[in-house]
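Chains as they are written, first to last, in this note's numbering: chain A, 1 to 404; chain B, 405 to 827.
Be a bit skeptical, because a hint or two may be false.
The calculated SDA-like cross-link candidates involving lysine to any residue, where the alpha carbons are at most 25 angstroms apart (straight line), are [what the hints assert, rightly or not]:
#  : chain 1 : residue 1 : chain 2 : residue 2
1  : A       : Lys123    : B       : Thr441
2  : A       : Lys123    : B       : Lys628
3  : A       : Lys257    : A       : Gly22
4  : B       : Lys567    : A       : Gly141
5  : A       : Lys123    : B       : Arg459
6  : A       : Lys123    : A       : Gly141
7  : B       : Lys482    : A       : Arg277
8  : A       : Lys266    : A       : Asp7
9  : A       : Lys257    : A       : Gly165
10 : A       : Lys376    : A       : Glu24
11 : B       : Lys638    : B       : Phe796
12 : B       : Lys482    : B       : Ser439
13 : B       : Lys797    : B       : Arg459
14 : B       : Lys567    : A       : Gly269
15 : A       : Lys92     : B       : His682
16 : A       : Lys257    : A       : Asn94
17 : B       : Lys628    : A       : Asn140
18 : B       : Lys567    : A       : Gly194
Treat the hints as calculated values from the structure; they're not laboratory data.
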Amino acid sequence: MSQKRRDVWITGIGIISSLGEGMEPHRAALNDTSGRGPVLDRDALAPYPYHPMCEVDLSAQIPRRGDQRQMEPWQRYGVYAAGMALENAGVKDNADLLATMDMVVAAGGGERDISVDEAVMTKLAEGASLGDRAILEQLNGDLRPTLFLAQLPNLLAGNISIVHGVTGTSRTFMGEEACGADAARIGHARIAAGQSEICLVGGSFNAARPDMLLVLAFAEAALRGEWKPVWEREANPGAVFGSMGAFLVMESPEHAKARGARPLAKLTGIEADRCARKPGEAGEIAHRQWQALSPSTEGKPLAILSGASGAGAATAEERAFLTSICDVRPDTAVRATGTMLGHGMEPQFLLNLALAALTVSDGNIFPPRDATGLEKPLSGEVRHAIVTGWGHWRGEAMALVEAV
Amino acid sequence: MSSTYTDSQGRPLIAVTGAGMVTSLGAGKAENWASLTAGKSGIHRITRFPVEGLRTTIGGTIDFVEVEPLTVPDLSEKLAAMTGEEALQQSGLEIGDFPGPLFMAIPPIEVEWPQRTELARATNVRPVTYPAILDIANRYPQHHARFMFGGIAERTAERFGTKGAPISLTTACASGATAIQLGVEAIRRGETEAALVIASDASMTSESMIRFSLLSALSTQNEKPEGASRPFSKNRDGFVMAEGAAALVLESAEHAHRRGAKILGYIAGVGERADGFHRTRSNPDGKAIIAAMNLALADSGVSPDDIDYINAHGTGTPENDKMESLGVSTVFGERIREIPISSNKSMIGHTLTAAGAIEAVISLLTIEHQCVPPTINYNEPDPTIELDVVPFKARQHRVRHILSNSFGFGGQNACVVLSAEPA
Chain A
1 MSQKRRDVWI TGIGIISSLG EGMEPHRAAL NDTSGRGPVL DRDALAPYPY
51 HPMCEVDLSA QIPRRGDQRQ MEPWQRYGVY AAGMALENAG VKDNADLLAT
101 MDMVVAAGGG ERDISVDEAV MTKLAEGASL GDRAILEQLN GDLRPTLFLA
151 QLPNLLAGNI SIVHGVTGTS RTFMGEEACG ADAARIGHAR IAAGQSEICL
201 VGGSFNAARP DMLLVLAFAE AALRGEWKPV WEREANPGAV FGSMGAFLVM
251 ESPEHAKARG ARPLAKLTGI EADRCARKPG EAGEIAHRQW QALSPSTEGK
301 PLAILSGASG AGAATAEERA FLTSICDVRP DTAVRATGTM LGHGMEPQFL
351 LNLALAALTV SDGNIFPPRD ATGLEKPLSG EVRHAIVTGW GHWRGEAMAL
401 VEAV
Chain B
405 MSSTYTDSQG RPLIAVTGAG MVTSLGAGKA ENWASLTAGK SGIHRITRFP
455 VEGLRTTIGG TIDFVEVEPL TVPDLSEKLA AMTGEEALQQ SGLEIGDFPG
505 PLFMAIPPIE VEWPQRTELA RATNVRPVTY PAILDIANRY PQHHARFMFG
555 GIAERTAERF GTKGAPISLT TACASGATAI QLGVEAIRRG ETEAALVIAS
605 DASMTSESMI RFSLLSALST QNEKPEGASR PFSKNRDGFV MAEGAAALVL
655 ESAEHAHRRG AKILGYIAGV GERADGFHRT RSNPDGKAII AAMNLALADS
705 GVSPDDIDYI NAHGTGTPEN DKMESLGVST VFGERIREIP ISSNKSMIGH
755 TLTAAGAIEA VISLLTIEHQ CVPPTINYNE PDPTIELDVV PFKARQHRVR
805 HILSNSFGFG GQNACVVLSA EPA
């Protein structure tokens with residue numbers, strides 16, 4: 001039973017967000033010191049600001065218009081980012097390899113037809129009842145069959161199979177931020193244990209969605225009003241959604257070497273857990289995860305890419321944890337990527353894994369954007385990065401990414 | 405470690421020590437098994453919501469379980485709890501301190517019409533807009549946890565005291581099989597000695613029925629609900645949507661033996677292959693479903709010659725049954741004529757997310773009772789499908805190894821081999 005554990009390499013990255021597509025625009029925007037700031041749309045969903053997706057030529061990764069039409073934006077972003085990751089890994093045109101490649105996708109809900117919802121809600125507010133024939137007929141007439149397929153979470157993976165030919169195994173995880181970390185954890189564990197050789201792991205999120213905002217608004221977890229960097233939202237807490245697609249190709253060293261591929265970074269380990277968030281519980285879990293992952297980084301410059309959302313309680317608790325780490329490890333640099341990229345729910349942790357790989361392969365961490373002082377500059381070559389994910393509500397996750 | 409506890413590939417044997425189920429036929433294995441072997445149908449005219457004007461007015465709603473409010477996550481969670489308790493009681497493990505992780509198949513979750521109605525009526529803005537309901541959403545904090553995708557698994561993990569991060573998953577109609585697969589893989593990796601697998605689906609709302617209707621996936625044989633689900637029949641015209649849940653306690657055989665637990669059967673192998681042909685249809689060459697079956701057989705170490713029964717996906721859609729027939733005929737060759745293959749969905753309808761797990765539990769009951777449940781409504785056999793579908797009546801039959809198939813939208817194909825004893 002004691003299978004030999006193997007290293008897991010990251011051999012491909014595909015990221016797309018408000019900052020652009022691919023690694024270069026992300027590197028440039030995150031390192032920018034001219035005061036450019038994040039890309040925000042403050043009007044479309046006012047009073048909720050969000051980070052809209054960059055302009056993207058879909059046909060570069062989704063050549064058939066028919067395929068594009070079968071998807072809503074969140075799926076297009078994901079299929080696009082997946083294609084970029086496969087290209088980056090050098091396997092995009094290797095049909096035989098893709099046919100047995102594994103896949104784990106972190107997906108949320110599909111997009112609703114906002115105008116149909118609003119029209120029906122208006123009738124319901126004006127006295128119609130849900131069972132009225134007229135209401136059912138309106139839903140019957142106005143809902144599009146393609147929209148249903150765009151709403152099924154597993155149809156992101158399904159579309160990746162169709163467009164890119166990834167058809168080994170295909171698992172879709174749901175569950176907000178936590179499922180992004182779990183997707184990476186399971187992809188990693190399978191390769192480490194020899195159950196898989198190469199695995200595409202990722203997710204995507206469309207921030208321009210009032211229906212998704214509604215779920216956070218129930219808990220006042222979405223930021224209303226003036227945008228501020230993640231750590232500066234104490235007076236007006238909340239997550240600011242960011243559109244994003246983030247995919248990674250994970251691979252065993254043997255498999256990568258056999259096809260002449262080079263690693264961008266090593267995904268050393270991922271820990272994930274849950275608790276009911278009684279006072280101190282999440283912090284205790286995070287400290288256990290830190291103990292499991294950080295010892296090998298002792299005495300070396302360490303980047304901590306935080307997935308903090310800006311939502312009140314979770315962000316405050318994570319901040320307390322990170323502060324306690326920085327107190328004993330002065331050679332650490334915390335960065336909340338949500339400040340520049342926004343909060344993308346399911347793919348947030350995966351995007352941060354990609355940025356961590358970028359950080360350790362570049363050897364330096366981008367500058368702080370935080371007037372509260374938690375984020376500090378860090379000098380020296382950065383070959384180790386920790387990624388954290390606390391979700392806006394549940395799920396504690398941590399990963400260690402290292403230079404190879 | 406003794407080889408008694410490992411399979412032919414040296415991996416831990418995966419034992420099932422507890423199982424639970426609920427379908428439109430009733431709660432619990434005993435009630436379901438009695439009905440399934442009597443050829444009874446749980447499909448009925450829908451009364452939960454008005455159906456006037458809908459193309460399909462029948463289904464397998466579970467109306468004997470009450471939750472308040474009645475939403476997909478509330479009822480799905482309740483069914484999961486019922487089946488989890490049944491499985492844990494049988495396994496003898498303590499409820500509330502499960503020694504391993506939770507793998508949970510759940511339907512997609514979103515805010516539903518009753519809650520949208522509540523919001524629409526609470527705002528004074530006309531016409532009602534999303535910005536208007538967003539402004540008053542904070543009056544309903546309870547809906548946040550309710551409609552989180554991870555909410556059902558979060559509460560289920562809390563209830564059963566499972567360890568680590570629970571996984572909520574969906575692979576459409578293969579979800580139940582995928583949940584089993586993830587549990588098997590975790591135990592084989594040595595991460596845990598036990599895994600709780602639950603698949604639950606209570607997603608029958610007027611809108612979800614409309615959505616499937618728009619894809620022309622549902623049977624419209626509304627006049628005689630119990631006769632509408634007709635897998636492998638010439639006059640099959642779609643699946644019948646239904647609700648249900650199932651739970652399985654998976655353990656390494658060594659763990660089960662050590663604590664003296666009774667073993668109901670083994671998950672001998674799992675296999676999976678995605679299909680990139682089309683969003684809702686299999687590639688006509690059947691390669692992916694054939695590969696999924698062959699991979700499951702190879703993983704289990706069970707030869708195709710030793711499969712005694714196939715628990716079919718058998719949805720009753722023209723497409724599925726044709727492709728599944730092609731698939732099993734290819735994998736088993738001439739021998740397929742001698743292997744009974746039946747569809748539980750003829751009686752309980754298609755429980756979507758839960759189907760793979762429910763059918764795994766039924767497969768374990770098939771092993772326990774050495775009796776194959778029938779395919780009912782087989783009045784007009786499809787002459788192009790030459791299978792022994794065990795029509796109408798349950799059949800006593802020697803069953804050691806079962807292949808259970810699950811295929812879903814999005815090109816999802818997952819198969820499970822269940823065995824009475826290790827191969």
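How the hints compare with the structure:
no.: 1; hint: Lys123/A with Thr441/B; verdict: 47 angstroms, violated
no.: 2; hint: Lys123/A with Lys628/B; verdict: 34 angstroms, violated
no.: 3; hint: Lys257/A with Gly22/A; verdict: 24 angstroms, holds
no.: 4; hint: Lys567/B with Gly141/A; verdict: 46 angstroms, violated
no.: 5; hint: Lys123/A with Arg459/B; verdict: 22 angstroms, holds
no.: 6; hint: Lys123/A with Gly141/A; verdict: 15 angstroms, holds
no.: 7; hint: Lys482/B with Arg277/A; verdict: 23 angstroms, holds
no.: 8; hint: Lys266/A with Asp7/A; verdict: 7 angstroms, holds
no.: 9; hint: Lys257/A with Gly165/A; verdict: 22 angstroms, holds
no.: 10; hint: Lys376/A with Glu24/A; verdict: 23 angstroms, holds
no.: 11; hint: Lys638/B with Phe796/B; verdict: 16 angstroms, holds
no.: 12; hint: Lys482/B with Ser439/B; verdict: 22 angstroms, holds
no.: 13; hint: Lys797/B with Arg459/B; verdict: 31 angstroms, violated
no.: 14; hint: Lys567/B with Gly269/A; verdict: 18 angstroms, holds
no.: 15; hint: Lys92/A with His682/B; verdict: 20 angstroms, holds
no.: 16; hint: Lys257/A with Asn94/A; verdict: 16 angstroms, holds
no.: 17; hint: Lys628/B with Asn140/A; verdict: 23 angstroms, holds
no.: 18; hint: Lys567/B with Gly194/A; verdict: 23 angstroms, holds
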